[in-house]
Amino acid sequence: SRKVDVRVVAATNRDLETEVRAGRFREDLYYRLATVCIHVPPLRERNADIPVIASVLLEKAQKQLGKKVTGLSSEALACLTGYHWPGNVRELQNEIQHILVMGPEGGELGADLLSRRVLRGAPQGEADDIDMLVGLDGPLKERLESLEARIIKETLIRHRWNKTHAAKELGLSRVGLRAKLERYGLEKIEPLEPPACGKAAS
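Adding 1 to a residue's 1-based position in the sequence shown gives its number in our numbering.
These are computed hints drawn from the structure, not numbers from a lab. A hint or two may mislead.
The calculated lysine-lysine pairs, modelled on DSS-like cross-linking and capped at a C-alpha distance of 27 Å, are [unchecked claim]: (1) Lys154 - Lys181; (2) Lys154 - Lys164; (3) Lys142 - Lys154; (4) Lys169 - Lys154; (5) Lys4 - Lys64; (6) Lys169 - Lys181; (7) Lys169 - Lys142.
Source: prediction; values computed, not measured.
Turn these sequences into a full structure, and let the hints steer you where they fit.
Structural data, given as structure tokens:
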């Protein structure tokens with residue numbers, strides 16, 4: 002056998018603790034991956050970083066498409082910075098590729114090249130739901146279930162886990178709410194405890 006020395010870097014846009022409780026993610030694997038966790042806020046929470054990220058994505062897109070430009074105009078950067086980015090970095094990457102394809106070779110990419118979606122912005126009230134659905138991977142059913150689980154959890158937290166009040170707001174019976182809590186693994190809200198030292202995870 003040959004020994005190897007590797008470092009595993011994993012990323013996800015799902016709440017793995019919730020996935021573990023629901024039985025959709027192995028608990029032993031979770032604790033192997035969760036040695037050092039870094040939370041990366043979505044673009045909407047760090048607008049000041051967008052010009053830097055956009056420049057990096059533009060440089061990458063130029064190499065991929067074999068096309069050179071001088072950069073993004075200040076007006077284009079202002080529009081990119083002011084947009085909510087419900088699709089997060091993936092949506093920004095697509096937008097950069099779009100304006101690079103539409104823009105002139107060797108010229109500056111102006112705001113007039115941006116998609117109408119970015120120019121007019123996204124409805125603020127819908128942004129979080131769009132972010133949840135667009136950002137997730139997998140079939141539509143799984144994305145909707147993840148969104149439903151998040152809505153139920155946030156409603157319960159808002160009502161301090163009073164199931165009667167939460168069920169009323171959600172338009173569910175207590176029995177129906179209890180079934181969904183069990184389905185999504187939301188019945189137990191205390192933090193997961195790591196396996197005891199010296200014991201292997203089952």
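### Query
Quick one, are Lys142 and Lys154 close enough, alpha carbons at most 27 Å?
Holds, because 18 Å separates the two Cα atoms, which is no more than 27 Å.
#### Entry: Proposed proximity, Lys154 with Lys169 (alpha carbon, max 27 Å)
holds, 14 Å
### Task
Verify the proposed pairing of Lys4 with Lys64, using a straight-line Cα cut of 27 Å.
violated, 36 Å
### Query
Under the criterion that the straight-line Cα-Cα distance not exceed 27 Å, is the pair Lys169, Lys142 satisfied?
holds, 24 Å
### Query
Holds or violated: Lys154 with Lys181, Cα cutoff 27 Å?
holds, 10 Å
### Message
Holds or violated: Lys154 and Lys164, Cα atoms, limit 27 Å.
### Response
holds, 11 Å
### Message
Holds or violated: Lys169 and Lys181, Cα atoms, limit 27 Å.
### Response
holds, 14 Å
Checked against the numbered hints listed earlier, the structure breaks hint 5 alone; every other hint is satisfied.
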